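S.K.: Residue-level listing of the chains:
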Amino acid sequence: MSIITFEHIKKTFEEVMVLEDFNLNIDEGEFVVILGPSGCGKTTIIKLINGLLKADEGIISIRGKKIEDWNKIELRRSMGYVIQQVGLFPHLSVERNICYTLNLIKIDKVEQHKRALELIELVGLDASYLSRYPRELSGGQQQRIGVARALATNPDIILMDEPFGAVDEITRRGLQEEITKIHGMLGKTIVFVTHDIEEAVKLGSRIVLLNEGRIDRDKLKKDFVLSKERTDYAENFFGSKDFISYLNSVKIRDCIDLFGIDGVAAVEVDAKDSMVSVDGNLSALRGIKTCIENKTNVLVVHDDEGKLIGYFTIDSVYKHLLDI
Amino acid sequence: MGFVFRVIELYKERWEFFLQLFIEHIYLTFVAIVIISVIGIILGIIMTRSKTMANIIMTVVNLIYTIPSIALFGFFVSITGIGFKSALIALVIYGLLPIIRNTYVGITEVDPFLIESAIGMGTTNSQLLYKVQLPLALPVIFAGFRTMVIMTIALGAIASFIGAGGLGVAIWRGITTYFPEMTVAGSLLVALLAIIIDLFLGVIEKNIRKKILGT
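The listed protein sequences derive, respectively, from chains A and B.
For the first sequence, the working numbering gives the first residue as 362, with consecutive numbering after it.
For the second sequence, the working numbering gives the first residue as 6, with consecutive numbering after it.
Worth flagging that the hints you see were computed from the coordinates, not collected in a lab.
Predicted model only: the values in this text are computed from it and were never measured.
One should not assume that every hint holds.
[Claimed, not checked] Cut-off 30 Å, straight-line C-alpha distance, at most; resulting in silico cross-link-like pairs (DSS-like, lysine-lysine):
| hint | chain 1 | residue 1 | chain 2 | residue 2 |
| --- | --- | --- | --- | --- |
| 1 | A | Lys408 | B | Lys136 |
| 2 | A | Lys408 | A | Lys427 |
| 3 | A | Lys408 | A | Lys542 |
| 4 | A | Lys470 | B | Lys216 |
All chains should be built: construct the whole structure from the sequences, respecting the hints.
M.R.: The structure is reproduced here in structure tokens:
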């Protein structure tokens with residue numbers, strides 16, 4: 362069921378066209394990444410959803426109700442909102458920050474504390490952080506709190522506007538994993554804006570590429586990356602970076618062959634011990650790299666406990682990508 | 006040295022007189038400070054809501070500030086007569102500038118991304134003011150308050166020229182009766198009051214800054 366719909370939306374800022382005849386349907390539980398270069402109207406889309414901006418023309422519906430019919434305050438309270446600048450309140454402790462929206466709707470203080478404890482753990486920090494102040498945290502920790510705050514009222518929609526744009530590469534990877542985990546656990550609808558191709562491919566279940574206020578390409582992730590028809594714009598924007606990112610997000614254990622396991626014909630047993638072994642949780646791209654580094658075309662794949670789970674070959678990647 | 010002893014002697018002899026002036030002075034300035042704070046903060050908030058209002062209020066307040074204080078006192082004597090009321094009005098009008106300006110600046114300088122995320126999370130206008138803007142502007146507003154308080158205490162000495170009492174009475178009497186010890190005794194008490202209150206407010210300001218800005 363669609364939870365957010367844009368129909369023929371037009372939005373201009375001082376005569377400059379930002380969105381033109383923009384149509385988008387977002388289903389419940391989707392992780393939609395809106396991807397595009399700076400100034401392509403990404404942030405405008407987010408702000409139209411939570412009513413910070415108003416469309417010039419067209420209809421936006423949230424949960425089946427036109428946005429004009431929503432009480433703006435209630436609408437915003439029913440969505441999580443995370444921005445790049447984080448926007449934690451410096452005069453409030455981490456706990457008060459997390460409970461900010463709960464406080465607005467006057468939830469019982471004991472309940473608030475309970476929720477803060479749950480959330481801080483969910484975003485991968487421990488309870489000792491609750492009494493600290495935002496200035497005492499690193500950028501990555503601050504954004505974790507920003508995510509916790511957005512989840513506080515348990516909203517079904519979360520809007521994220523380049524949330525990890527200002528943190529370093531390693532921290533960003535941690536935050537991306539966290540948000541993927543949270544999406545998997547809580548099944549919320551997430552609308553995520555970014556200009557980072559790798560981030561888009563890693564996170565989204567569906568990717569929408571924008572080109573000056575128009576949708577250039579809108580597909581589920583795998584189709585988005587692998588289907589052949591592309592506009593010149595998409596070709597230019599991606600090159601092969603989306604494909605590389607996709608290989609980077611696919612795990613080795615998802616594209617292995619089962620020779621010799623489950624009754625499939627075995628590779629010669631004596632060869633097995635001399636073969637290179639890899640962890641199945643690494644990315645397919647790492648698998649390919651390992652193949653090349655070791656001048657071999659077969660890798661033994663093991664799981665967390667070191668148990669053999671199959672064999673990785675470039676051919677197995679090919680089969681996985683094409684679903685054969 | 007003889008002069009200093011004569012001043013101390015004067016305090017000893019006429020302590021009841023000075024105590025009464027001291028209390029009058031505190032009373033006048035205290036009432037003025039309360040009124041200034043209330044009006045000033047409200048006007049400062051109004052200014053943040055409308056650019057036109059901001060321009061009008063700031064122009065008027067700046068204009069008033071250019072009038073010499075003694076002239077302002079004289080002006081109000083011709084309207085509200087001699088005494089406490091005229092002095093109070095003049096003190097209030099004169100003290101508004103720092104508090105209005107700092108309230109306005111404090112609120113407008115709150116990080117726009119904080120405001121945006123607060124609104125995006127469903128903060129109403131009044132919640133935005135009480136939960137975000139005023140708390141974050143507090144260090145700046147308080148700095149303006151401190152300036153205003155010291156200014157009002159000092160200016161309160163002139164208020165006695167229009168019959169509002171206070172330590173200015175001693176200064177004025179000293180001048181008119183060629184009694185420099187009296188003038189110095191009165192001035193010293195005004196200065197003492199201002200310094201002590203300033204130190205006290207300085208400590209509070211530091212605590213507020215530490216709590217809100219962490220520095």
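S.K.: Taking only the CA atoms, is the gap from A/Lys408 to B/Lys136 under or equal to 30 Å?
M.R.: holds (22 Å)
S.K.: Could you grab the alpha-carbon distance between A/Lys408 and A/Lys542 and see if it respects the 30 Å cut-off?
M.R.: Given that 30 Å is the threshold and the Cα spacing comes to 25 Å, the pair holds.
S.K.: Does the alpha-carbon distance linking A/Lys470 and B/Lys216 stay inside the 30 Å limit?
M.R.: holds (22 Å)
S.K.: Take the C-alpha atoms of A/Lys408 and A/Lys427, compute the straight-line distance between them, and say whether it is at most 30 Å.
M.R.: holds (15 Å)
Every hint, counting from the list given before, is met by this structure.
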